[in-house]
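Sequence order for the protein chains is A and B. Its first residue numbered 1, the first sequence is counted upward by one per residue in my numbering. Its first residue numbered 389, the second sequence is counted upward by one per residue in my numbering.
Read the hints as simulated data drawn from the structure, not as lab findings. We put the CB at the ideal spot given by N, CA and C, even for glycine. One or more of the hints may lead you astray.
[Said to hold, decoys possible] Across the chosen pairs, the derived CB separations fall in these ranges:
#	chain 1	residue 1	chain 2	residue 2	range
1	A	Gln67	B	Leu655	47 to 57 angstroms
2	A	Gly244	B	Leu662	30 to 40 angstroms
3	B	Ser528	A	Gln67	58 to 68 angstroms
4	A	Lys374	B	Phe661	36 to 46 angstroms
5	B	Leu396	A	Gly244	16 to 26 angstroms
6	B	Ser528	A	Val134	48 to 58 angstroms
7	A	Gly325	B	Thr482	51 to 61 angstroms
8	A	Thr355	B	Leu396	48 to 58 angstroms
[Claimed, not checked] Here are the simulated SDA-like cross-link-like pairs (lysine to any residue), alpha carbons at most 25 angstroms apart as the crow flies:
#	chain 1	residue 1	chain 2	residue 2
9	A	Lys353	A	Glu129
10	A	Lys287	B	Arg505
11	A	Lys374	B	Ile507
12	A	Lys374	B	Arg505
13	A	Lys162	B	Pro649
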Amino acid sequence: MRTLLTQCALGALTAGLAALPAIAQDDTVKIGFAVPLTGDFAPYNEVDGARCMAEMINREGGIGGRQIELMVQDTGADTQAAISAVERFLGDNPVAIGTIPFSDTMIPVAQIAGAQGVSIVQAQSTQVEMHTGVVDNFLTNVAPDPYTATAAANYALSQGVKNVVIFTSDEGGSWSARTPEWFAQVIEAGGGTLQATLNYTGGTTDWSPQIAELRALDPAPDAIYISWGVPDIAVLIRQVRAAGLDAWVVGSDGFDDPSLDALAGEDVSLLDRVFFGTLAPSQGGSKIAEFQDACAATGMPVNGLFPALGADTIKIVAYGVEAAGSTDPAAVRDAIRAADAIPVMSVESISFKDTNSYALREIPVIGFENGERKLLSLEVPGNVPSWP
Amino acid sequence: MDYAAQQLLNALSFGAEYALIAVGLAIVFSIMGLVNFAHGEVIAFGGYSMAVVGTVVTGNPLVLMAAVLIACVSVSLLLERVAFRTVRKADITTGLLTAFGVSIILQNLYLLLGSPRPISATQFIFLDRTLLIGPVHVSSLQIYETVTTIAAILFLTLFLKRSYLGIAMRAASRDFQMVRLCGIRANRVVATAFAISGLLAGLACIFIMARRGSVTPHMGFDPVLTAFIACVLGGFGSLPGAVLGGFILGFLEVGVLVLLPQTAGGLAQAAVFLVVALLLFWRPDGILTPATEKGDKL
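Bound-form chain A, shown alone:
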């Protein structure tokens, strides 16, 4: 009798424990971030913005009464660490996962998460490799690199740019190797000339060999384009100006970091002839700037564009859960893809309806006036070169 009672008690306990994850799943909307909090890619992680937006939504009652729960694990720049973290997250039934925003990580992570139907929702990934149909459970909050390159090229043409030089590197995949080529294609289609393609490696602190090449060109280039990030870009701008070259220095979202703005503190004129096509408007007075102010006011500072875009990830998932009326990852993804307009933090709304895997949105071109950011153009470019 005693044994029977013990067995019954154990059975009830086991059943109760087994039911716990289901209750937890119903109670919260879990979103995993297997992202680089440390290492070279740390500036690109979206956790701060995601955390702030989740907190804002939770304070107002959550998503249909469900609180958002973020699961965050540092992966450094290590794909294997990301895979391990994602496998751990999958045991907790997440609705979506974000990871290192480079295709060599996103593809294997998406394949693993896809086996359980979970979506990879990236706040900031622009790499074209993710839109070739290699995985079906991938969504990114921004438009791919050819769009930012085209928007920058269109603005350059409007400023009378004719002769351009592009800097390419294989170290950042298509972002650093192909984006400059798309820029040059649009320039050439607009009547301009690609004078030279120069190579570089990441971590360059002395651009003298490339600058000597630029100086040897006749006529002098009107613009140079590079898709790379700070601090290397700041060094390039400084050295180009020190060499007496007044060509526009044009770039991609890699330029979109507060530490580039710090150049103005050194010499305001350094940024006078610099602009970049980027992912979302982040100049003073933009929705991103307002969001950052709101977060800072609650003691959750969100510095830079990439961290801020994490808020969009939360808004996209929140919309999907609400529209699907469920936390089933596949249903949430279908709801997101079916939507005509999903309200996000960085712009009024985005949509995946026509694109399936990326958000078609207006591309801002940002420049500087007296060292302050200024929105130069905002368009959905219609002349994007063909890309795979």
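Chain B: place on chain A using the hints.
Same frame as chain A, now just chain B:
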């Protein structure tokens, strides 16, 4: 012609920077047999010290230069005392792993206490001005860096050949036990090697900061990897070898950038390392391999 002279100066400047860092690695290796991969983090520590002192105390460039040098020497001595002294008698791989461990710990400390983003420190930017010498544009920083490297190497050579401690270091590089038996304190010799290494890291830091104008947690790691290759190429443990290796790498890098067709730009690094591999095929122990059986390493 102007273009060639321009690129030649660029190569000289690249080489000078690599040589400065490579000598810092080589001097510790020659005494302890330790490849100190944390040398890059000593350079980064100098950068962070500059950012802190520049913000909190003063923006005076001379004071900041002194602060960078003091910071690098101090942290180098601290690392020797805390991390490397305990593994001095251990196997060479233990030392190597310790160096990597220290490097990772320091990088993560910079991340946690600082930021993954570049922290601006632009007080040395004034060193980088373009000078027109005839038809050739020369960066003043390139001149400062090349001259400083040559001066540092000359000073180091004099120190090692003329001073009591320098002679003790040279002797220690040959037979550490014998030096101790002669009554010279081992800790003092090793600490001096680390202090000199820290001083060279500080000098490299000043030039790196003058170009970058900002500091990041990983800013020292890549240059140290390149300097390590320079040491291998020149002959590990040999100071002239480290200098030669640094300059060869500088000339190779610029040469490949200039001569390789841009369509094959992705092969630039491969081309550099192919030449390095060929040189090592010719001289497997490095170009200026220390004559360990006949005489000094230094």
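- Query: Cβ-Cβ distance between Thr355/A and Leu396/B: within 48 to 58 angstroms?
  - Reply: holds, 51 angstroms
- Taken at face value, is the distance from the CA of Pro649/B to the CA of Lys162/A at most 25 angstroms? Holds, because 23 angstroms separates the two Cα atoms, which is no more than 25 angstroms.
- Task: Take a quick look at whether Lys287/A and Arg505/B sit within 25 angstroms of each other, Cα to Cα.
- Result: holds, 23 angstroms
- Does 36 to 46 angstroms hold as the CB distance between Lys374/A and Phe661/B, or does it fail? holds, 44 angstroms
- Is 58 to 68 angstroms right for how far apart the beta carbons of Ser528/B and Gln67/A are? Given about 59 angstroms between the Cβ atoms, the range holds.
- Message: Would the hint linking Lys374/A and Arg505/B be met if the CA-CA limit is 25 angstroms?
- Response: Cα-Cα ~22 angstroms, so holds.
- Message: Lys353/A and Glu129/A were given as a pair; does the straight-line alpha-carbon distance stay at or below 25 angstroms?
- Response: Since the Cα atoms of Lys353/A and Glu129/A sit roughly 19 angstroms apart, the hinted pair holds (cutoff 25 angstroms).
- Is it true that the C-beta distance of Leu396/B to Gly244/A lies inside 16 to 26 angstroms, as the hint says? For Leu396/B and Gly244/A the Cβ distance comes to about 20 angstroms; the hint holds.
- Query: For the pair Gly244/A and Leu662/B, does the Cβ-Cβ distance stay inside 30 to 40 angstroms?
  - Reply: Since Gly244/A and Leu662/B have Cβ atoms about 36 angstroms apart, the given range 30 to 40 angstroms holds.
- Gln67/A versus Leu655/B beta-carbon gap, inside 47 to 57 angstroms or not: Cβ of Gln67/A to Cβ of Leu655/B: about 53 angstroms, so the range 47 to 57 angstroms holds.
- Has the given pair, Lys374/A with Ile507/B, been kept, meaning a C-alpha gap of at most 25 angstroms? Measuring from Cα to Cα gives roughly 23 angstroms; hence the hint holds.
- Range hint compliance [Cβ, Gly325/A to Thr482/B, 51 to 61 angstroms]: Hint holds: Cβ distance 60 angstroms, inside 51 to 61 angstroms.
Going down the numbered hints, you'll see the structure goes against none, and every one checks out.
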